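Asker: Listed here are the chains, written in short residue letters.
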Amino acid sequence: MGIHFGGDYNPEQWPEEVWAEDLELMKAARVTMVTAGIFSWAKVEPRPGDWDFGWFDRVMDGLAGAGIAVCLATMTASPPPWLSRAHPEILPEDADGRRRWPGGRQHYCPSSPVYRAHAVRLVEQLAARYAGHPALTLWHIGNEYGCHTRHCYCEVSAEDFRRWLRERYGSVDALNAAWSTAFWSQAYGDFDEVLPPRTAPTFPNPAQQLDYLRFGDAVLRACYLAEKEVLERLTPGIPATTNLMPQHKPVDAFAWAAHMDAMALDFYQDPYVPDDHIRAGYVFDLMRSARSGQPWMLLEQAPGAVNWRPRNGPKPPGAMRLWSWQAVAQGADAVLYFQWRQSLGGAEKFHSAMLPHGGTDTRIFREVCELGRELAAVPGIEGTRSRAGVALLADWQSWWAVELDSRPSTALDHSRIALEHYRPLFEAGVACDVLPPQRELSGYRLVVAPNLYLLTAPDAARLAAYVRDGGQLLVSFFSGIVDEHDRVHPGGYPAPLRELLGLRVAEFWPLDAGRSVAVGGDYAGRADLWSEEIDLEGAEALARFTEGELTGRPAVTRHSYGRGTVWYVGTRLEPALLRRLLDDVRAAAGVRPVLPGLPPGIQATVREGSGGHYVFLLNHGTETVEVGLPAPMRDALAVPRSAGAGAGAAAVDRVTLEARGVAVLMEP
Amino acid sequence: MGIHFGGDYNPEQWPEEVWAEDLELMKAARVTMVTAGIFSWAKVEPRPGDWDFGWFDRVMDGLAGAGIAVCLATMTASPPPWLSRAHPEILPEDADGRRRWPGGRQHYCPSSPVYRAHAVRLVEQLAARYAGHPALTLWHIGNEYGCHTRHCYCEVSAEDFRRWLRERYGSVDALNAAWSTAFWSQAYGDFDEVLPPRTAPTFPNPAQQLDYLRFGDAVLRACYLAEKEVLERLTPGIPATTNLMPQHKPVDAFAWAAHMDAMALDFYQDPYVPDDHIRAGYVFDLMRSARSGQPWMLLEQAPGAVNWRPRNGPKPPGAMRLWSWQAVAQGADAVLYFQWRQSLGGAEKFHSAMLPHGGTDTRIFREVCELGRELAAVPGIEGTRSRAGVALLADWQSWWAVELDSRPSTALDHSRIALEHYRPLFEAGVACDVLPPQRELSGYRLVVAPNLYLLTAPDAARLAAYVRDGGQLLVSFFSGIVDEHDRVHPGGYPAPLRELLGLRVAEFWPLDAGRSVAVGGDYAGRADLWSEEIDLEGAEALARFTEGELTGRPAVTRHSYGRGTVWYVGTRLEPALLRRLLDDVRAAAGVRPVLPGLPPGIQATVREGSGGHYVFLLNHGTETVEVGLPAPMRDALAVPRSAGAGAGAAAVDRVTLEARGVAVLMEP
Amino acid sequence: MGIHFGGDYNPEQWPEEVWAEDLELMKAARVTMVTAGIFSWAKVEPRPGDWDFGWFDRVMDGLAGAGIAVCLATMTASPPPWLSRAHPEILPEDADGRRRWPGGRQHYCPSSPVYRAHAVRLVEQLAARYAGHPALTLWHIGNEYGCHTRHCYCEVSAEDFRRWLRERYGSVDALNAAWSTAFWSQAYGDFDEVLPPRTAPTFPNPAQQLDYLRFGDAVLRACYLAEKEVLERLTPGIPATTNLMPQHKPVDAFAWAAHMDAMALDFYQDPYVPDDHIRAGYVFDLMRSARSGQPWMLLEQAPGAVNWRPRNGPKPPGAMRLWSWQAVAQGADAVLYFQWRQSLGGAEKFHSAMLPHGGTDTRIFREVCELGRELAAVPGIEGTRSRAGVALLADWQSWWAVELDSRPSTALDHSRIALEHYRPLFEAGVACDVLPPQRELSGYRLVVAPNLYLLTAPDAARLAAYVRDGGQLLVSFFSGIVDEHDRVHPGGYPAPLRELLGLRVAEFWPLDAGRSVAVGGDYAGRADLWSEEIDLEGAEALARFTEGELTGRPAVTRHSYGRGTVWYVGTRLEPALLRRLLDDVRAAAGVRPVLPGLPPGIQATVREGSGGHYVFLLNHGTETVEVGLPAPMRDALAVPRSAGAGAGAAAVDRVTLEARGVAVLMEP
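The listed protein sequences derive, respectively, from chains S, Z and H.
Residue 305 in this note's numbering sits at position 305 of the first sequence; the count goes up by one each step and never skips.
In this note's numbering, each residue carries its 1-based index in the second sequence increased by 668.
In this note's numbering, each residue carries its 1-based index in the third sequence increased by 1336.
Think of the hints as simulated: they come from the structure by calculation, not from any bench.
These figures come from a predicted structure and were not determined experimentally.
The C-beta atom is built at its ideal place from N, Cα and C for all residues, glycine as well.
You may find that some hints are simply not true.
Here are the computed distance ranges between Cβ atoms for each label pair [as the list claims (entries may be wrong)]:
1. Z:986 / S:526: 51 to 57 Å
2. Z:715 / S:52: 56 to 62 Å
3. H:1484 / Z:684: 45 to 51 Å
Just so you have them, the derived chain Z footprint on chain H, three or more residues with Cβ under 8 Å [as the list claims (entries may be wrong)]:
4. 1529-1537
5. 1602-1614
Can you build the whole structure from these sequences, using the hints too?
Answerer: Now the structure itself:
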């Protein structure tokens, strides 16, 4: 079957005579799958209950005839004008009470029973009609949940929030305790008094805010599940997914993973951000880890420029190929784009497409065809998996909590801090999983836990047990501070980790904007953003502050605990310093890179399984480099086009990678 | 009659005993015209239908007695408190649904039938009363349309928008096609479903936004025309105008020109912006061009400081005189100020006036009197006209469309780009018209078309015909991309200009903030903001990028087409480089400056007609300079105060201009 | 009795078993007073009319038993959820019409009769119950009035505003005159037409805005007075106060002073702002001056970090002690904190407390205990007072008026300018009162009047009389411009001060952002922000501009007037230059520092009275310094802990102050 290749297909934008050309050109580009119907609601139901599926039947039949699999959208992402006109109460409202209007997309309150009923009705029609259709391969539920409407604060949402709270807490006393409502005279006498955290004169209750973030995630998932229930009922056996977004705060990918038959991602690397492939690496590893290594799908990327950043640069030659192979190298079994044919009108007409405004005689279409050819030429990758010796812990709960207001510093950007800890692992060429703290950790040689501000006592105990049993753990600043209700763990910071870390944090010293401090000892350099006044209680100091009010106090510590060791970093080290520390920690944990001795900028990954053993080498740098292999292998991409799959290429022990070059090596 | 001189006159701010002094001082300052009544509604109609015109009769009679012409305002710019209290639905709403309240001015929804009915009722009273009054010279309809309330998004506006759309499109199918509603499931089943582009979760439909900008302009014009219809009926023969604002996005000056008996402008040069006189030059030339060279009126300027910028500097000595003469030099037949006497209270009390808080013993009042004397001393300028060999194309349609969201770059500031192309022409001393692309171009030696993003096929064809017939044309980047519905012209960018320009733009490469690239060849230097990947199809490259991903690609091209030549600039050249290019293009077109060999900073213009032939020399620099004349002329401003009009000054062949100096030369 | 020491006590956050420990630890820390009940409304009235005071009785009794005085809050600062649910109309609205919701605190419209009725009802219960309770020492009405909800613009507020205007103006004609409504057609026919200055299309009427600021202050005071009336009735003899905030624009401390039995302040020095103790000095002096030298109370400060700034640094060792003593040195008789025990949950859990999360074994708790010991060791300070030879004039009226929109410059920050004039007096070690211009000035050797933009003719006449009778006065720029209705005083700027100053300001030349100009003469250096074109009319120029359009014009002048002298500064001098000028002015006025020859960074103050004569020395610097005393004194803080009050310390004639060191010297 191979790696799936294709893109979003929106035939309703074009007269029917164009569709035949679409099929011809898709075949030329070796397209194997398209996502169809994402924005077709208004066309299949132009008036309430007035269904018009005939045109879509012809689309489906055409695709089936061309041998192209369809990832069929449930069409519910953008309600048609008639629906919001008849039911303006489905429109979302922001925390200031301002309604968000139609004209774009995703203009619905996710708690709206009206919206959900109409959506379910549509999905029932769709599933009944295309159950058993030969093209139907996968369901694509909704679209980019929470992308534009992250949270709604309307009265309907308020009522739904109260229902959710009743289920969560059972009694209003439990709610009052969880939300610490004794402060500021906020005790509720009844659930009916509770509101969303709409704009208040000052900081709204943080536990209320935190629960609203949880509720926001749950309510989007409820939309997804309402549709999924229909699909499971009417088209059993057809898997379903939805396209998640990278580092997307409103949607907890780990919580959704259980409900997705395959993880699926939209990812748009920014050609103007140097090293954006490291962000890609982080998100791809998270996708792969979320369902325990199961291959995932890159459901959307751009062949060239996007249109929604302030300044949208095209991808330079080779970049799209490199970044597509990066997804595969990190576990993707599908490489799709938004979109097949570039729109002439509408809000995304300047978003690049596989078939650009300029037609087939364009660099983009040529690069698309070439990538299609390459993917088709290397069969057997699909289904293979990777193994990692390091786990980086990431947790939406901490993310949500630590970025609330009324904190010691508003400058903590949780997802950036996570990425800053991932970067040295990526640069060192180490295979890494990205997991929530609740997962089983015993299989990892090293666990890295950056800024787990919210950490429940059981999760803290599991970290301690991991170390006690011989694990190596690195924890960074402002971790283990509050419980699941954003209440401080009593007993001195960070109470549930204090014994494990062998230290106490006496006070937080967030650094002022633009200020940094010197650090000396084993790790000498500069640090910024945050510092802590650490009292050692068994740990040893590896580095100390050498400047400012904390001069002489520990900045980095190490503590032997049971059969393992735990490091703690009480500040933000500059990147080179954090890299040095993580190199040492890795060495202590016995974690080795995928390939030894790689030049800078070269990413190496391994996928293996019954399909074979693949080593991927990707040159993210701007120079041609030579990479020596530990053993002779064949480069599947070096096989001439005419030859069969993987056939014929000679085994080599060195590979030359041009700038943005890719090699896919197989055992000979 | 001479150049009109005067200002806004708001006698209602003062006790009646002050009015006599006003008339005396106006005569001392040689005031010939005042604009009266702009904010008098609440005083002439203190309660609904309860008219009190007696005091205004006395104002009018006093002015008539003093021989001062009245530009009579229709008084509709600021509805009185009783009207918005009785009809709160006339208050405008922004795109977020927030009402805009009384307390300032212009607090009305321009679509409001209630507001319009009250306005028309008032204008009928006013016109009936002052028809035939000896002071009545000109009508001033409304005031600064769209200055504060640019667009209203209320329900009344929504209904009016739907009416406008029905007229424009006839059928909802036509609307759907024009707005590309197939994308994002936006197809309408009925006009009743359509709304203004209120704040949506993400980019609202761009064609909807574009049409709302058109509608906004049309609806302001409808307010103007409703009043004008009354005036034409009740005071036939009295011309009417309104004060437009410079580079004012919501009001398409070219569209309004057809309905104005004379173009009229408010212009406030900023003393803290170096070279703001070049912006003045651009706007003045646009005013002059909009009605084909007919003299226009500077209806408002400040004698000194304004009060509405963050920091408001006074005009240094001589600046007000220089900038007033600049207006005359560029075709104005009237020089008026806001306002006659400086207010003691209210929102504009720190706005300078002809008669300042400090009274007559002030620099401002002395400079005002001196300018009044000078203008009176040079009769015959009025009615004369200028000729230009260059046309700069400016188009509100492109402006509206290119600055919408979801574009390759949000950094394109259309009116700044237009000004950047005007600057080298101004600095070179070339006479220039500023026109929309629909005007007849055959009379120009050179046409400059900067950033005409929206260009209809017929307009593109007219440009091609102009070149084919021997014209010289310079087009700059991101032009000819979309049609009137913001739909991309299919066929490769810029499809309708591709044959004319002899090239194709393969991809847009907007430059990131703070980044520039090197350009080499005939024009070597730097460029920023934007670049394009150009494939030559007949054109030759005059300059190429020498840096970045586009290294070696054309940056500036030239193409012979028919009997003419067209240049294309695919990036934003730094100012000196654009100046060099435009100098060469001008030379090729045979366009010469008004006077040869002028020193930098000297502006020269010519006005001629039955009244005579005038050469204006203005020194915008800070040094004294000498200017040689091609032939001996008399300097009308050098005539001593006691002598008669233009009498007695000897002809000279050199003129000395001090910093901020002015000379008005007449043939001897 | 001594200086009161303690903090906010919020026992409802803790289980009752913690309260006994609280009392023990309070005694250990020598706490003498706590503020209780601030946020207890929801707990004492969990349902409407359902009172539960039993728990609070036990709190009061416990405190009484421990000998701790209670500053009893009226509990009205944060209405419980049931109240805003039953009466959503009590929720405030901003100028855009957006409601502010519960979830934080202070979510009430201060004009709301519903809110006020419920508040009064609660206060009646409270006062009746605790009248005569042995712990009840002082009433704390409301809390931080206007902190979050500065102004409400809802319909209830609008109606209240109209009532206030009717009382203030009597007739709508008087209102129209005061508000200059002739401009922009704003004349009202009836008070019913008037609205709050909600967001308008452009600048709302400035006099309307100014009156709304006055109304806002008055309406908060009305809330305070409604509760005070109950207390005076039910607990006569118990004084009442409320905690004001520093430089808090919505609340005119001088106007409130008449209604407070003692001035009381919340002040949070920012450890990250160098010299923030000078801001403290300014505010402390204002507190002391507001009730003519009566000792005031520091009701809230932080023992360490706060949680509501973007980045919240802890107080370094010694800082809390130093800044607490600074309050006492400047006249405070109470030093309290927010709060006693650090919260585990809620919006202020990261705000430091006397008893931190880390418990008693923390630097903060140790510093708290040490300070409690010190304060207890120096009896007799309470009730003593200070005398000052300099008065700095500060006026909320000018503050409100000068920062409105439509001014010559939006960059004038009135409270910063006042502080800039206070700084050189503080640095020179001079005792200074901070007063409104209406107070008696004859007792001062020197009066400093910075930027009194709004100055009534009578107040201007009083300033002139002060100088005529021999006073020394320094006035700085943009003073004396408008009357109480924000109407310009006619007659040339600054008309009511022109004769006194011996000059006229011809035009304002606000300087552009980032621009400064040179000044030469007796005071040579640089100036920025503002300049003025000054015509001398009797005054002499001490410094002149030597750069820019005003070159050669006076920048600083001096004028002999009657038996006194007045200085005028027409620009913002750089700090060192203003210091030099004020040093010279002080010398001319014969104002000497508290102690001569102090090293930089040392603050010295005197308090005296029947209790004794105290000299306070505070080292705000980072170096150890020695200070010589004019006569031998005993350092009360040097007394060993075991000795009795003030007993035993030997008299010394030099004191050594470490960084952040404090000495309290008494006559031997």
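Asker: Compare the structure with each hint and give your call.
Answerer: Here is how each hint holds up against the structure:
no. : hint                       : result
1   : Z:986 / S:526: 51 to 57 Å  : holds, 55 Å
2   : Z:715 / S:52: 56 to 62 Å   : holds, 59 Å
3   : H:1484 / Z:684: 45 to 51 Å : holds, 49 Å
4   : 1529-1537                  : holds (count 8)
5   : 1602-1614                  : violated (count 0)
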